[in-house]
Amino acid sequence: MSYTRYTTGEPVADTKAPSGPVHERWDRRRFEAKLVNPANRRKHTVIVVGTGLAGGSAGATLAEQGYRVVQFCFQDSPRRAHSVAAQGGINAAKNYRNDGDSVHRLFYDTVKGGDFRARESNVHRLAQISVEIIDQCVAQGVPFAREYGGLLDNRSFGGVQVSRTFYARGQTGQQLLLGAYQALSRQVAAGNIELHPRTEMLDLIVAGGRARGIVARDLVTGRIDTYFADAVVLATGGYGNVFYLSTNAMNSNATAVWRAHRRGAYFANPCFTQIHPTCIPRTGDHQSKLTLMSESLRNDGRIWVPRARGDERPPNEIPEEERDYYLERIYPSFGNLVPRDIASRAAKNVCDEGRGVGPGGQGVYLDFADAIRRMGREKVEEKYGNLFEMYERITAENPYEVPMRIYPAVHYTMGGLWVDYDLQTTVPGLFAVGEANFSDHGANRLGASALMQGLADGYFVLPATINDYLARNPHKDDVTAEHPAAREAVAATRERLERLLAVDGDRTPDSFHRELGELMWEFCGMARDEGGLLKALERIPQIREEFWRRIKVPGTGEQFNQSLEKANRIVDYLELAELMCLDALHRTESCGGHFREESRTPEGEAARKDDEFSYAAAWEFTGTGTAPTLHKEDLVFEYVHPTQRSYA
Amino acid sequence: MAVSGLIMLLYLVAHMIGNLKVFFGPGEFNAYGHWIRTVGEPFMHYSWTLWVIRVVLVAAVLAHATAAYQLSRRGGRARPARYVRKKRGSDYATRTMRWGGVILGLFIVWHILDLTTGHVHAGGFQEGRPYQNVVDSFSTWYGNVIYIVAMLALGLHIRHGFWSAAQTLGAGGRTRDRVLKTAANLLALLLTAGFVAVPVGVMTGVVS
Amino acid sequence: MRLTLRVWRQRDAADEGAMSTYQVDGISPDMSFLEMLDTLNEKLILEGEEPVAFDHDCREGICGACSLVIDGDAHGPERTTTCQLHMRSFRDGDVIDVEPWRAAAFPVIKDLVVDRSAFDRIIQAGGYITAPTGAAPEAHATPVPKPDADHAFEHAECIGCGACVAACPNGAAMLFTSAKVNHLNVLPQGAPERETRVLDMVGQMDAEGFGGCTLAGECATACPKGIPLSSITDMNREWLRATAKGARR
Numbered sequence: 001m002s003y004t005r006y007t008t009g010e011p012v013a014d015t016k017a018p019s020g021p022v023h024e025r026w027d028r029r030r031f032e033a034k035l036v037n038p039a040n041r042r043k044h045t046v047i048v049v050g051t052g053l054a055g056g057s058a059g060a061t062l063a064e065q066g067y068r069v070v071q072f073c074f075q076d077s078p079r080r081a082h083s084v085a086a087q088g089g090i091n092a093a094k095n096y097r098n099d100g101d102s103v104h105r106l107f108y109d110t111v112k113g114g115d116f117r118a119r120e121s122n123v124h125r126l127a128q129i130s131v132e133i134i135d136q137c138v139a140q141g142v143p144f145a146r147e148y149g150g151l152l153d154n155r156s157f158g159g160v161q162v163s164r165t166f167y168a169r170g171q172t173g174q175q176l177l178l179g180a181y182q183a184l185s186r187q188v189a190a191g192n193i194e195l196h197p198r199t200e201m202l203d204l205i206v207a208g209g210r211a212r213g214i215v216a217r218d219l220v221t222g223r224i225d226t227y228f229a230d231a232v233v234l235a236t237g238g239y240g241n242v243f244y245l246s247t248n249a250m251n252s253n254a255t256a257v258w259r260a261h262r263r264g265a266y267f268a269n270p271c272f273t274q275i276h277p278t279c280i281p282r283t284g285d286h287q288s289k290l291t292l293m294s295e296s297l298r299n300d301g302r303i304w305v306p307r308a309r310g311d312e313r314p315p316n317e318i319p320e321e322e323r324d325y326y327l328e329r330i331y332p333s334f335g336n337l338v339p340r341d342i343a344s345r346a347a348k349n350v351c352d353e354g355r356g357v358g359p360g361g362q363g364v365y366l367d368f369a370d371a372i373r374r375m376g377r378e379k380v381e382e383k384y385g386n387l388f389e390m391y392e393r394i395t396a397e398n399p400y401e402v403p404m405r406i407y408p409a410v411h412y413t414m415g416g417l418w419v420d421y422d423l424q425t426t427v428p429g430l431f432a433v434g435e436a437n438f439s440d441h442g443a444n445r446l447g448a449s450a451l452m453q454g455l456a457d458g459y460f461v462l463p464a465t466i467n468d469y470l471a472r473n474p475h476k477d478d479v480t481a482e483h484p485a486a487r488e489a490v491a492a493t494r495e496r497l498e499r500l501l502a503v504d505g506d507r508t509p510d511s512f513h514r515e516l517g518e519l520m521w522e523f524c525g526m527a528r529d530e531g532g533l534l535k536a537l538e539r540i541p542q543i544r545e546e547f548w549r550r551i552k553v554p555g556t557g558e559q560f561n562q563s564l565e566k567a568n569r570i571v572d573y574l575e576l577a578e579l580m581c582l583d584a585l586h587r588t589e590s591c592g593g594h595f596r597e598e599s600r601t602p603e604g605e606a607a608r609k610d611d612e613f614s615y616a617a618a619w620e621f622t623g624t625g626t627a628p629t630l631h632k633e634d635l636v637f638e639y640v641h642p643t644q645r646s647y648a
Numbered sequence: 001m002a003v004s005g006l007i008m009l010l011y012l013v014a015h016m017i018g019n020l021k022v023f024f025g026p027g028e029f030n031a032y033g034h035w036i037r038t039v040g041e042p043f044m045h046y047s048w049t050l051w052v053i054r055v056v057l058v059a060a061v062l063a064h065a066t067a068a069y070q071l072s073r074r075g076g077r078a079r080p081a082r083y084v085r086k087k088r089g090s091d092y093a094t095r096t097m098r099w100g101g102v103i104l105g106l107f108i109v110w111h112i113l114d115l116t117t118g119h120v121h122a123g124g125f126q127e128g129r130p131y132q133n134v135v136d137s138f139s140t141w142y143g144n145v146i147y148i149v150a151m152l153a154l155g156l157h158i159r160h161g162f163w164s165a166a167q168t169l170g171a172g173g174r175t176r177d178r179v180l181k182t183a184a185n186l187l188a189l190l191l192t193a194g195f196v197a198v199p200v201g202v203m204t205g206v207v208s
Numbered sequence: 001m002r003l004t005l006r007v008w009r010q011r012d013a014a015d016e017g018a019m020s021t022y023q024v025d026g027i028s029p030d031m032s033f034l035e036m037l038d039t040l041n042e043k044l045i046l047e048g049e050e051p052v053a054f055d056h057d058c059r060e061g062i063c064g065a066c067s068l069v070i071d072g073d074a075h076g077p078e079r080t081t082t083c084q085l086h087m088r089s090f091r092d093g094d095v096i097d098v099e100p101w102r103a104a105a106f107p108v109i110k111d112l113v114v115d116r117s118a119f120d121r122i123i124q125a126g127g128y129i130t131a132p133t134g135a136a137p138e139a140h141a142t143p144v145p146k147p148d149a150d151h152a153f154e155h156a157e158c159i160g161c162g163a164c165v166a167a168c169p170n171g172a173a174m175l176f177t178s179a180k181v182n183h184l185n186v187l188p189q190g191a192p193e194r195e196t197r198v199l200d201m202v203g204q205m206d207a208e209g210f211g212g213c214t215l216a217g218e219c220a221t222a223c224p225k226g227i228p229l230s231s232i233t234d235m236n237r238e239w240l241r242a243t244a245k246g247a248r249r
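Chains as they are written, first to last, in the numbering used here: chain A, 1 to 648; chain B, 1 to 208; chain C, 1 to 249.
No lab work stands behind these hints, which were simulated from the structure alone. What you are looking at is a predicted structure, and each value in this text was computed from that prediction instead of being measured. Please note: incorrect hints may appear among the correct ones.
Said to hold, decoys possible - In silico lysine to any residue, SDA-like type, Cα no more than 20 angstroms apart, as pairs:
hint: 1; chain 1: B; residue 1: Lys87; chain 2: C; residue 2: Arg79
hint: 2; chain 1: C; residue 1: Lys43; chain 2: A; residue 2: Asp506
hint: 3; chain 1: B; residue 1: Lys87; chain 2: C; residue 2: Asp94
hint: 4; chain 1: C; residue 1: Lys146; chain 2: A; residue 2: Glu378
hint: 5; chain 1: A; residue 1: Lys383; chain 2: C; residue 2: Gly226
hint: 6; chain 1: C; residue 1: Lys43; chain 2: A; residue 2: Arg507
hint: 7; chain 1: C; residue 1: Lys146; chain 2: B; residue 2: Arg174
hint: 8; chain 1: C; residue 1: Lys43; chain 2: A; residue 2: Arg514
hint: 9; chain 1: B; residue 1: Lys87; chain 2: C; residue 2: Pro169
hint: 10; chain 1: A; residue 1: Lys552; chain 2: C; residue 2: Asp71
hint: 11; chain 1: C; residue 1: Lys146; chain 2: A; residue 2: Tyr148
hint: 12; chain 1: A; residue 1: Lys566; chain 2: C; residue 2: Glu50
hint: 13; chain 1: C; residue 1: Lys245; chain 2: B; residue 2: Leu169
hint: 14; chain 1: C; residue 1: Lys146; chain 2: A; residue 2: Asp506
hint: 15; chain 1: B; residue 1: Lys87; chain 2: C; residue 2: Asp71
hint: 16; chain 1: B; residue 1: Lys86; chain 2: C; residue 2: Ser20
hint: 17; chain 1: B; residue 1: Lys86; chain 2: C; residue 2: Glu154
hint: 18; chain 1: B; residue 1: Lys86; chain 2: C; residue 2: Gln10
hint: 19; chain 1: B; residue 1: Lys87; chain 2: C; residue 2: Leu5
hint: 20; chain 1: A; residue 1: Lys379; chain 2: C; residue 2: Glu154
Model the full structure from these sequences, guided by the hints.
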């Protein structure tokens with residue numbers, strides 16, 4: 001069964017967002033939210049799935065507040081969640097540089113950077129909290145870069161003109177994650193968190209209209225168990241791995257959010273995916289993942305391609321006048337620092353013109369020759385040494401001598417579970433934090449904002465808002481493994497896994513994943529059009545059908561079985577991919593990371609259609625292969641007025 | 001390990017200096033042998049000081065050996081399944097600490113039986129005439145072989161041991177590492193050379 | 001490239017395990033080592049065999065999941081993580097041995113996958129700074145001299161992969177433990193818990209059944225993040241200091 005149409009349901013409204021001046025809303029919400037008496041908190045159990053920046057910080061903070069936390073991660077240790085790989089930095093409106101930054105400017109930049117598809121209230125809250133995050137992390141011992149005076153160093157990042165990014169060399173995500181992991185570990189030792197590593201959530205248990213627990217599989221023994229709580233928090237990251245090749249970790253997956261979606265949580269803006277401009281190009285069909293290099297490289301590196309098509313001379317032999325520094329040419333005021341979506345698309349355009357470099361013409365140069373001349377090799381090494389090393393290790397080319405080759409790759413998903421101001425999904429008691437929610441980034445996320453949002457959600461927002469829900473829903477012991485909802489969820493999970501094992505076909509899980517990924521990259525990647533999306537929507541159900549006929553999963557379900565884990569995740573990608581294409585098809589405007597060929601300005605830039613599409617698209621699941629229902633949340637802009645983004 | 005090792009090391013330095021007196025003839029060497037027993041008098045009774053040193057040394061040897069045994073047992077327990085193939089990344093001195101230690105232990109027993117008690121001494125052992133005893137010992141090929149091999153083992157043992165003891169006691173550090181490594185090498189070389197000089201002296205006839 | 005792989009296969013913790021030999025063909029020098037194993041696994045699945053289980057995730061050298069002893073070296077012949085090792089480091093026709101980390105404190109779960117939760121428990125014993133959310137002072141309230149900040153960072157880079165334990169002839173976890181002790185103890189924020197941290201973490205490390213340190217130095221040679229051996233010395237000093245201070249109290 002395939003679909004290309006959908007029905008439109010009632011609009012979805014964010015009933016939790018307070019009114020009033022935008023800078024007072026967060027205070028007001030915190031004051032209006034009901035509190036749980038500290039003595040009663042330990043009676044409440046909260047399940048947190050995921051231990052990345054959002055999940056780790058949420059689990060630690062909820063446990064500190066006195067709740068009983070049961071936390072899960074599929075990795076062998078919470079410290080390995082993929083937040084660890086974030087390189088560049090974390091934004092905060094500290095204005096330590098006295099360069100005109102403020103909470104309001106960060107708010108403004110984020111709304112504008114997101115191409116006016118995010119909620120003002122949420123984004124302003126994020127900007128306010130950003131300053132507290134830095135304080136919190138420094139107190140935990142996160143070793144941010146410092147200047148000789150002992151104060152924190154800052155740098156600027158793509159899409160903004162102030163220096164507000166805090167960083168720890170090229171490993172900011174790692175250091176922030178270890179901070180959260182250590183806070184989490186302290187609570188595990190204190191007995192406030194029951195930690196389940198190597199355990200993967202496979203379904204959500206909704207009883208009496210509320211999220212009350214999860215079904216999870218112990219990845220070592222294969223045992224399927226139920227866990228119950230008063231509220232469930234999903235901090236399971238994004239769904240970039242739908243594309244097979246992405247900068248996500250190999251095991252990052254969409255199963256938790258997709259299972260929640262199937263249980264009633266709306267999925268918002270699934271087509272808003274971010275393609276990161278500075279990744280290392282692929283080398284062949286064996287490629288299993290793509291490696292990102294921090295966007296900070298664009299601060300000093302210059303991007304160019306040869307002026308002439310099919311110029312196959314080595315880069316150092318192409319004279320200056322025969323090079324096209326296309327970003328500097330097209331966007332003179334931002335130059336190489338334009339937002340990610342613009343930089344990525346520009347790279348695609350020059351490659352489509354046949355001016356790409358490297359194998360298959362799928363790459364552009366990122367050249368540090370000028371920077372080395374200007375700052376000296378030593379300074380460049382100090383700033384980017386680890387990135388250069390990583391590049392050389394992967395490509396066997398020395399970027400101090402030969403320009404790097406880069407190409408865009410799927411990196412981040414702005415879409416996710418729809419949440420209200422309290423971060424609660426449309427399933428009462430189910431919360432989503434970090435990249436798992438449809439978040440604060442609109443249609444495009446600015447660099448160094450993912451870490452900010454993950455930690456804002458986990459350390460500050462959720463711990464304040466979940467109180468309100470728990471206070472209004474006193475603890476009950478009514479849902480156990482014997483509850484019909486729990487039995488049904490467990491039975492469905494078992495049935496799915498048994499079916500995967502029983503097919504015994506002739507294709508591996510990876511072969512299906514790769515096929516789906518290539519299809520998505522071609523038709524739902526950097527640029528989309530109606531024809532392509534229709535093709536994808538026709539093809540995905542066919543792949544799904546073939547999957548269930550030909551999949552081969554060796555081994556049993558009662559053991560450590562990585563093929564089974566993989567195959568089970570692909571089941572969900574095969575449904576999510578379809579929704580992404582439908583969402584991309586329905587949104588006939590271009591905005592942020594979503595570029596529709598049909599909707600561009602006379603200059604060829606993305607053209608938004610605010611009259612028609614100034615809303616978040618929240619999709620309701622109606623069944624596999626059946627048309628979902630669209631619920632629109634209208635976006636209101638009182639402070640930052642939508643304009644066509646201009647970085648020229 | 002570190003503390004007992006350093007105590008023994010200190011003793012070895014003194015021992016080596018004492019040994020070198022053999023090159024100044026029987027008079028000075030025998031007088032030195034006598035002095036060890038009378039040092040500290042009149043506060044100490046005859047040979048009390050020597051016995052104090054002996055007790056401390058025995059305690060150090062026992063502590064060192066016990067700690068080594070425990071460390072090795074603990075290492076074995078920590079890796080019950082061995083690698084099918086394992087490359088070794090440490091140097092020869094480090095890898096031979098355990099066997100080197102055992103060799104040195106056995107050597108000490110032989111050395112005492114040879115030159116202190118005289119039980120395995122070649123030729124007639126003469127109490128109070130150490131010079132002659134030393135010359136006798138190193139006049140046999142096996143006496144020389146045992147002694148020289150043991151001293152080479154000692155050098156290797158000290159090379160890693162001294163540096164390692166410094167690390168255990170927290171005395172190392174990145175800036176001091178070169179100094180410590182050089183000191184360890186010098187110490188090892190000096191002690192080995194100093195001790196080996198005696199049998200070489202006897203063999204070449206400088207000492208007779 | 002055509003290669004012969006001898007891979008440790010072990011059904012589960014109870015199984016004895018043994019090396020199995022496989023041939024792989026058509027390997028490109030640009031492949032990562034794990035992509036080469038992916039190729040083997042695709043073949044095994046289609047032949048109806050169970051693929052070789054190994055831990056991996058980010059494949060960019062930062063998560064610390066991958067953990068193979070290759071030809072007797074933790075993470076293989078280059079100083080990096082297994083996922084960042086490329087096949088250009090090998091030659092056509094090579095015979096490559098692949099084994100799991102071997103340590104009593106890291107029991108094998110399956111094939112090349114081991115349980116490293118002992119590391120988590122060492123961190124839980126004291127590898128943190130007590131700073132409840134919301135209680136933090138302004139970030140610039142306490143300047144940190146740049147050399148101290150750099151020193152902390154250098155040790156904070158540890159990815160917890162366990163190569164130090166795998167490489168150590170004694171199966172010791174000193175480098176892992178000392179990296180975290182040094183990261184936190186050098187910072188002013190970590191000072192109030194300086195003594196309890198080192199004592200508790202070392203206590204937990206011993207309780208987990210890791211071996212004792214003989215300063216063989218193989219840990220630092222194997223460490224993909226270049227945590228220096230002096231880290232252990234620095235921890236020894238912290239430990240002696242804390243013990244002396246504890247005795248005075």
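Here is how each hint holds up against the structure:
Annotation: proposed proximity of B/Lys87 to C/Arg79 holds, straight-line Cα distance about 14 angstroms (limit 20 angstroms). Distance hint between C/Lys43 and A/Asp506 is fulfilled; the C-alpha atoms sit about 11 angstroms from each other, no more than 20 angstroms. Proximity of B/Lys87 to C/Asp94 is assessed by CA-CA distance (about 17 angstroms); at most 20 angstroms being required, the pair is judged to hold. Under the criterion of a C-alpha separation no larger than 20 angstroms, the hint pairing C/Lys146 with A/Glu378 is consistent with the structure, at around 18 angstroms.
A distance of roughly 18 angstroms separates the Cα atoms of A/Lys383 and C/Gly226; the hinted pair therefore holds under the 20 angstroms criterion. For the hint pairing C/Lys43 with A/Arg507, the CA-to-CA distance comes to about 10 angstroms; that is within 20 angstroms, so the pair holds. Among the hinted pairs, C/Lys146 with B/Arg174 is consistent with the structure: their alpha-carbon atoms are about 17 angstroms apart, no more than 20 angstroms. Between the alpha carbons of C/Lys43 and A/Arg514 the distance comes to roughly 16 angstroms, so the proposed pair stays at or under 20 angstroms and holds.
Note on B/Lys87 and C/Pro169: the hinted pairing holds, with a Cα-Cα distance of about 10 angstroms set against a maximum of 20 angstroms. A threshold of 20 angstroms between alpha carbons decides the hint, and for A/Lys552 with C/Asp71 the separation of about 32 angstroms lies outside it, so the pair is violated. For the proposed pair C/Lys146 and A/Tyr148, the alpha carbon gap of about 5 angstroms is at most 20 angstroms, so the pair holds. Our distance criterion of 20 angstroms between C-alpha atoms is met by A/Lys566 and C/Glu50, whose separation comes to about 14 angstroms.
With a C-alpha separation of about 15 angstroms, the suggested pair C/Lys245 and B/Leu169 falls inside the 20 angstroms cut-off, and the hint holds. Restraint check for C/Lys146 and A/Asp506: not satisfied, since their Cα atoms lie roughly 58 angstroms apart, outside the 20 angstroms limit. Distance restraint check for B/Lys87 and C/Asp71: the Cα-Cα separation of roughly 7 angstroms lies within the 20 angstroms cut-off, and the hinted pair is therefore satisfied. A C-alpha spacing of about 17 angstroms is found between B/Lys86 and C/Ser20, which places the hinted pair at or below 20 angstroms, so the restraint holds.
Restraint check: the Cα-Cα separation between B/Lys86 and C/Glu154 comes to about 28 angstroms, which exceeds 20 angstroms; the hinted pair is violated. At most 20 angstroms may separate the alpha-carbon atoms for a hinted pair to count; B/Lys86 and C/Gln10 meet this at roughly 19 angstroms. A threshold of 20 angstroms between alpha carbons decides the hint, and for B/Lys87 with C/Leu5 the separation of about 17 angstroms falls inside it, so the pair holds. Restraint check for A/Lys379 and C/Glu154: satisfied, since their Cα atoms lie roughly 18 angstroms apart, inside the 20 angstroms limit.
The structure fails hints 10, 14 and 17 (numbered hints given earlier, in ascending order).
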